[in-house]
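Chains as they are written, first to last, in the working numbering: chain A, 1 to 325; chain B, 326 to 652.
Don't take each hint at face value.
Listed below are the simulated SDA-like cross-link pairs for lysine to any residue, each with C-alpha atoms no more than 25 Å apart in a straight line [said to hold, decoys possible]:
#1 551(B) x 2(A)
#2 2(A) x 80(A)
#3 448(B) x 248(A)
Non-contacting residues of chain A with respect to chain B, defined by C-beta distances greater than 12 Å in every case (computed) [what the hints assert, rightly or not]:
#4 79
#5 99
#6 104
#7 163
Hints are computed from structural coordinates only; laboratory data are not their basis.
We treat Cβ as the ideally placed atom computed from N, Cα and C, and that holds for glycine.
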Amino acid sequence: MKALFLGNVAVDTYEGIKGELPSALECAIVNDPVDRSLLPGAAADADILVSNRWLADFPPAPKFRLVQSVATGVELFHMASLPKGCAVCNAFGHETAIAEYVVMAMLALHHRFFQISGEFRERGSWATSWVQSGVPHGEVRGTTLGIVGYGRVGREVARRAAPFGCHILAANRSPRDKDGDVERIYPMTALDEMLPQCDTVAICTALGPETMGLIDARRLGMMKPGAFLINIARGQVIDEDPLFAALSGGRLGGAAIDVWWQYPSPTEPNRRGSGQPFHELPNVIVTPHNSGWTGGMVRRRWDEIADNIGRFCRGDSLINLVTTS
Amino acid sequence: MKVSFVGNFGARPEVAKTILGKVMEKIEPTILFDIGDTQRLIPALADAEIVVSHIWKKDFPEAPHLKFLQSPAAGLDLIDLPSLRRGVTVCNVDGHEQAIAEYCLMTMLALSHKLVDIATAFKESSNWSGGGAGGGPLHGEILGQTVGIIGYGKIGREVAKRAASFGCTVVAANRSPVADKGDATEIYPLVELDRMLPRCDVVVIAAGLGPETRNLIDAGRLALMKPTALLVNIGRALIIDEEAVFNALKDNKIGGAALDVWWRYPSPAEPNARPSNFAFHELPNVLMTPHCSSATDGARDRRLSGIAGNIDRYVRGETLRNVVLTT
């Protein structure tokens with residue numbers, strides 16, 4: 001049995017789990033694109049691929065039977081280039097870290113944390129203090145949080161937000177049972193009913209045909225004036241230009257954006273995440289798609305990947321099966 | 326019933342006027358912002374049965390009719406209790422505990438996730454390190470961390486409730502015995518704080534300032550903390566030794582801190598006074614805010630409604646809420 005670990009994340013994964021892998025498993029480590037020349041040989045006889053991608057122009061890989069993604073999204077695996085009947089599995093372990101980010105961002109936006117702490121650090125301004133009779137900032141208690149996409153991340157967000165005394169609503173593509181932490185779960189087709197009620201909207205949905213451009217100018221216009229938007233899903237769920245207009249024009253109170261419409265490349269490593277200057281807006285918290293990138297997430301994800309490779313080698317049923325090519 | 330609103334907190338227009346707007350019973354209010362104005366302070370205290378003030382100085386004039394002193398703050402450290410006549414009921418306020426608990430969770434999350442560093446680097450130079458393309462430095466999370474709360478009162482309990490839902494283990498230290506542990510798994514007597522500190526990934530100071538807590542977190546206790554531990558102070562600055570914590574943070578003997586309460590405060594002459602003699606604002610592992618963790622719209626509304634309710638209760642002869650002591 002042979003496994004191919006392809007790409008820098010898979011290389012790190014290999015280093016993290018090599019002690020847990022079956023001893024009979026032969027592993028080829030290819031740090032694509034650095035070692036691209038090694039790929040044809042390694043792909044030719046590998047049974048298992050561990051990577052975050054398999055592109056259409058990659059060399060033949062006739063023996064793949066397990067494709068284990070090192071991430072949750074599998075959109076970079078070109079299914080037609082995989083042999084028929086190959087199991088494609090993803091990995092989680094990020095949902096709790098991302099849920100922490102969502103609640104953190106919600107708190108920071110309502111409390112105007114970046115503005116207040118920045119002014120205090122840079123200029124010694126006490127203007128927001130009770131000592132100086134400052135204008136109060138917000139709190140999340142009693143506000144309504146709407147979670148768009150009530151999957152693993154969304155449920156973890158709800159669990160953490162509930163003890164703050166938030167009202168929690170959710171919208172989900174497939175119907176879900178009402179959950180202890182959520183007052184109401186709308187079908188995604190009824191999203192327009194949910195949005196006007198929310199003080200904070202957290203986008204936690206996967207990117208797909210139903211969610212591409214879901215939050216467009218019309219829906220942004222339905223949100224409460226001054227509401228906050230948090231996106232940890234994929235940039236394309238929100239329309240870029242109308243979001244910028246709503247934030248720069250003061251229609252929305254602010255946003256925390258972790259996922260982007262464009263990404264860096266080897267030739268442009270500091271490429272901005274958007275054609276619009278979101279980074280210049282004082283009411284926007286910007287992070288480089290790393291809401292889930294915690295030490296705990298990596299350990300949990302490695303454990304899942306090692307577990308699944310072991311299952312495959314033993315012929316046991318797999319976890320986290322997304323599809324079969 | 327004569328009620329005097331005194332000092333730069335209780336007599337502040339949006340405090341006094343808001344309370345007066347909520348009081349149902351008939352009262353005769355006097356509002357005096359500047360306690361240095363002795364000419365006006367003498368009559369303001371001479372007749373008042375109720376005084377709303379966060380401050381009471383040794384040299385305050387006689388208040389022979391005073392029965393009820395309502396502080397608009399939680400801490401009574403600016404009230405010189407021995408100068409009050411006998412039989413005065415002193416009340417503080419609540420309603421801020423939920424706002425402060427939100428601040429505690431926000432800052433422990435922000436410190437663990439390195440939010441400010443990451444967001445600033447991304448904002449300023451589009452630095453994708455640790456993100457986007459995958460790989461790169463990892464940050465922390467609070468799942469599975471041990472949070473130690475010093476002072477397990479209303480604020481401490483609200484912190485515990487929220488931290489527990491994040492999968493933190495919560496422990497606490499309290500001066501007096503605690504009957505109901507709430508969301509904490511273990512309560513240490515404050516005298517055994519040294520046993521609790523080495524366990525904690527996050528230490529939250531939610532205690533009031535008093536003889537037992539003044540300078541409680543000194544160089545010796547900072548050294549008992551984990552080298553990665555985070556310190557959140559929303560109590561009073563004087564609970565921590567200023568120089569010792571500055572050095573511990575500067576030399577990375579602890580992981581980081583979020584400080585909302587300070588050793589120095591602004592004055593009319595120095596409105597932008599730095600909050601310490603030490604340059605905390607130059608340390609990258611410190612989050613700092615100007616004593617505003619409780620300054621939320623909701624907390625102000627709850628506090629001022631609570632004060633108005635207490636004035637009404639006093640006038641009607643009902644039991645007061647938030648009684649701290651009777652002199």
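Here is how each hint holds up against the structure:
| no. | hint | result |
| --- | --- | --- |
| 1 | 551(B) x 2(A) | violated (43 Å) |
| 2 | 2(A) x 80(A) | holds (22 Å) |
| 3 | 448(B) x 248(A) | holds (16 Å) |
| 4 | 79 | holds (21 Å) |
| 5 | 99 | violated (8 Å) |
| 6 | 104 | violated (4 Å) |
| 7 | 163 | violated (5 Å) |
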